[in-house]
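Respectively, the protein sequence lines represent chains A and B.
If you read the first sequence in my numbering, its first letter stands for residue 55, the second for the next number, and so on.
If you read the second sequence in my numbering, its first letter stands for residue 55, the second for the next number, and so on.
Derived from the structure by calculation, the hints contain no laboratory data.
Treat the hints loosely; a few may be bogus.
Unchecked claim - According to the in silico footprint, chain A covers these stretches of chain B (three or more CB under 8 Å from chain A):
(1) 87 to 96
(2) 126 to 137
(3) 154 to 164
Here a beta-carbon is modelled for each residue, glycine too, at the ideal position from N, C-alpha and C.
There are 2 protein chains.
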Amino acid sequence: MKLNILGCFSASPRADAHPTSQVLTIKNRTFLLDCGEGTQRQLRRYKISFAKIKHIFITHLHGDHVYGLIGFISTMSLLKRKKDLHIYGPKGIEELIRVQIRITESHLSFPIIFHELSSKKPQIIYEDNRLTVETVPLNHRIYTNGYLFKEKPAPRKLLIEEVEKYDIEVSFYNNIKAGQDAVLADGRVIANKKLTADPPTPKSYAFCTDTFYKPDIVEQIKNVTGLYHESTFQEDNLHRCKPTKHSTAKQAGLIAKKANAGKLILGHYSSRYETLTGFKTEAETVFDNVVLAEDGKTIDI
Amino acid sequence: MKLNILGCFSASPRADAHPTSQVLTIKNRTFLLDCGEGTQRQLRRYKISFAKIKHIFITHLHGDHVYGLIGFISTMSLLKRKKDLHIYGPKGIEELIRVQIRITESHLSFPIIFHELSSKKPQIIYEDNRLTVETVPLNHRIYTNGYLFKEKPAPRKLLIEEVEKYDIEVSFYNNIKAGQDAVLADGRVIANKKLTADPPTPKSYAFCTDTFYKPDIVEQIKNVTGLYHESTFQEDNLHRCKPTKHSTAKQAGLIAKKANAGKLILGHYSSRYETLTGFKTEAETVFDNVVLAEDGKTIDI
Chain A
55 MKLNILGCFS ASPRADAHPT SQVLTIKNRT FLLDCGEGTQ RQLRRYKISF
105 AKIKHIFITH LHGDHVYGLI GFISTMSLLK RKKDLHIYGP KGIEELIRVQ
155 IRITESHLSF PIIFHELSSK KPQIIYEDNR LTVETVPLNH RIYTNGYLFK
205 EKPAPRKLLI EEVEKYDIEV SFYNNIKAGQ DAVLADGRVI ANKKLTADPP
255 TPKSYAFCTD TFYKPDIVEQ IKNVTGLYHE STFQEDNLHR CKPTKHSTAK
305 QAGLIAKKAN AGKLILGHYS SRYETLTGFK TEAETVFDNV VLAEDGKTID
355 I
Chain B
55 MKLNILGCFS ASPRADAHPT SQVLTIKNRT FLLDCGEGTQ RQLRRYKISF
105 AKIKHIFITH LHGDHVYGLI GFISTMSLLK RKKDLHIYGP KGIEELIRVQ
155 IRITESHLSF PIIFHELSSK KPQIIYEDNR LTVETVPLNH RIYTNGYLFK
205 EKPAPRKLLI EEVEKYDIEV SFYNNIKAGQ DAVLADGRVI ANKKLTADPP
255 TPKSYAFCTD TFYKPDIVEQ IKNVTGLYHE STFQEDNLHR CKPTKHSTAK
305 QAGLIAKKAN AGKLILGHYS SRYETLTGFK TEAETVFDNV VLAEDGKTID
355 I
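Generate coordinates for the entire structure from the input sequences, incorporating the hints supplied.
Shown next, in the form of structure tokens:
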């Protein structure tokens, strides 16, 4: 599971900072998470294939998370994409995009399937044979969801030498990987644990931005492998959190700690801070494994 | 008159190229011409004040000329702009922006005044005491106008030594600058040309993008000081001009020649060309003073 940070700063622009967008690669699938202005240039810069992106998840409809979407769509049409594109986001996102397509007289070369969200409870919105994606309702000035990506448990690992020792037929392998014992031709039963090893622990990633401090998400993201939690401010600007519905780096650390996260990734930094080190130091007062998101950085989950 | 090129490439994105946008500074006024995605970052990079921009002219509603507008507007609101912003562009531009403002639940801190255009004939759309701006109807796949900026003739230059020699009252200075002769207290008439010198010749700038080769614009832009004319292709791709409604560098040169332009600025390059030198060489086969637009370049008109 790999994360490419395309942009991780809050709305107020700086020449050297991009608004929120990131690419999550998981089990050979490529997901785009949020799409601030300039995302398509960042994808080019970091040589990430446009065509591989089939699902885009938008947390909320503030411009710094969504204004790059129409440009990305237009360019994929220029590149003559044919495959469906799925876009998940708050109710209103379809109108936002369709109006722009109509007024700019664009004729898209591919279909877009919008999945508009309005529930305030967590729901599974994507599922395939390897993973699920569920919404993590957040508390911001506008309807907002984080997204939780969870790998499904992989099949048990076949111990090939053991399996061959007992001369088990290949057609039984899948059952054994699924956890069944093997029954030999002579009636002997071989316990599954003799034939298989534990698979790797399923990984998970929670993308939580933008939000006011919301400890009730902890239960849903418990034991998450990687947690991206916004930290617009540091504690010196705690008083700004309530009116703007943002969090501090310390609060992000507290969520990571309560959730027993493997790793905390900070981002959505306010441009009032000259450097990022203060965010890391502050979160580390409550949680050990803190990584700063930075434009262009690749992070292993 | 000074031109800052923020972006000058056609739609297909490259990591190192920006779509169309430029800033024209003329008589202390700052105009933004087109606003492709990423324009606000380019303004930051080249340290151009957002607040000084009071009038934005959009040629047409293709994304590579307008997708940066909503982000620019949002940021100015974040910066708490109060002054009116005037936006000139094709019919539909108001809906394009207002829908995005509504769906992103933005509350702008300043009023936008839209000036929607639909006439297919040239019209003066802006006028103040120093200059006029008129539309230059172009021929593209969608309704498109170029814009012609024309300084008004400046008042004649007062020759202070001469004026003081005749002891002319200060209250008459404006009349003299306007071209009147002076009548002295004793009845003598002093010819204006003894008291004044010619003012500098008024300058003009025509921004013509995107368009198929359209020689009938020549009459309107005759003797223009600076002409920006799109050159998406070179002659090797002449066959692409008709279906896409674009021009070659040579055609841009021909327009500059027929119009007796002072200077030709090329731009809107297709990303199929690795370097830009071929555009210049080709235009120079028909016109002498050719400048290549390049992202970040400043050009004196």
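Evaluation of the provided hints:
Requiring three or more residues with a Cβ within less than 8 Å of a Cβ of chain A, the coverage given for the segment 87 to 96 of chain B holds, as 4 such residues are present. Evaluation of the coverage hint for the segment 126 to 137 of chain B: fulfilled, as 4 residues show C-beta separations to chain A shorter than 8 Å, against a requirement of three. Closer than 8 Å: that is the beta-carbon criterion, and the segment 154 to 164 of chain B has 5 residues meeting it against chain A, so the requirement of 3 holds.
The earlier numbered hints are all upheld by this structure, with none contradicted.
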